[in-house]
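Novice: Under this note's numbering, the first residue of the sequence shown is numbered 1, with each subsequent residue one higher.
Note that these hints are calculated values from the structure, not bench results. Treat the hints with care, as some may be off.
Per label pair, the in silico range of CB-to-CB distance [as the list claims (entries may be wrong)]:
hint	residue 1	residue 2	range
1	Thr215	Leu92	33 to 39 Å
2	Glu108	Glu201	38 to 44 Å
3	Ser129	Ala81	20 to 26 Å
4	Glu16	Glu166	40 to 46 Å
5	Val22	Asp179	40 to 46 Å
6	Arg205	Phe38	27 to 33 Å
7	Gly83	Val11	19 to 25 Å
8	Ser144	Ala107	26 to 32 Å
9	Ala115	His90	20 to 26 Å
10	Val11	Arg182	46 to 52 Å
Fair warning: this is a prediction, and the values are worked out from it, not measured in the lab. Every residue, glycine too, gets a C-beta built ideally from N, C-alpha and C.
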Amino acid sequence: MALIGLLEDEVDLCEELQSYLVGAGHRVVSAGSAAAFFAASAGLRFDVVILDRGLPDADGLEIVERLRSASPGIGIIMLTARGASEDRIHGLENGADHYLVKPVRLAELAAHVRALLRRLPRGWRLVASECCLYTPEDARLELSAREFALLRVLAVRAGEMTGRREVAEALGWDWMSFDQRRLDTLISRLRRRCRDACRQELPIRTEHARGYLTTEPVRVE
1 MALIGLLEDE VDLCEELQSY LVGAGHRVVS AGSAAAFFAA SAGLRFDVVI LDRGLPDADG
61 LEIVERLRSA SPGIGIIMLT ARGASEDRIH GLENGADHYL VKPVRLAELA AHVRALLRRL
121 PRGWRLVASE CCLYTPEDAR LELSAREFAL LRVLAVRAGE MTGRREVAEA LGWDWMSFDQ
181 RRLDTLISRL RRRCRDACRQ ELPIRTEHAR GYLTTEPVRV E
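Given these sequences and hints, build the entire structure.
Specialist: Given below as structure tokens:
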């Protein structure tokens, strides 16, 4: 399963593409404009983005440059009606991995997605729809709602320190009456479960009396 961003302003086509990709086992976040896309995707890390060049509020090439700057390893497929050789060259030279001309067969588009996914490095994945954590080796660890919330608040900070109070409040605890040992116990138990069930160390480091941070990227899906 991959997290795919879909930026297409033709409503019927967008719905058709999304339905097909979801049916193929992917999670898809779609939008019809650049503004709506970036609002919907805040905090997410896409594996692949499929986008049209002719958008109502931006040139697709500008979006490609922005995506590539933020995530150099992301897979980008440009899907557009502009099929001239110069347009193809311009799209590829400006950061698109693949350049497809409409209309395109859905099976062909899915094949391009799979080709991009094969080159992406595997990592930790936190999957909301399953309330679970996947290791880079695809071992699955089921999580409680509180464990999921803990990992999510750390994952979105992507290696930055998150203070103990911020973590506790994100989990719904009142900091003023909070016993910090509860947080230590939660993390200790989660580390042990990950080690026992997945044969892998949980990618969280504790900074004594300060807080916590992830030691490897954890993608939220």
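Novice: Which hints from the list above does the structure break, by number from lowest to highest?
Specialist: Going through the list in order, the structure violates hints 3 and 8 and respects the others.
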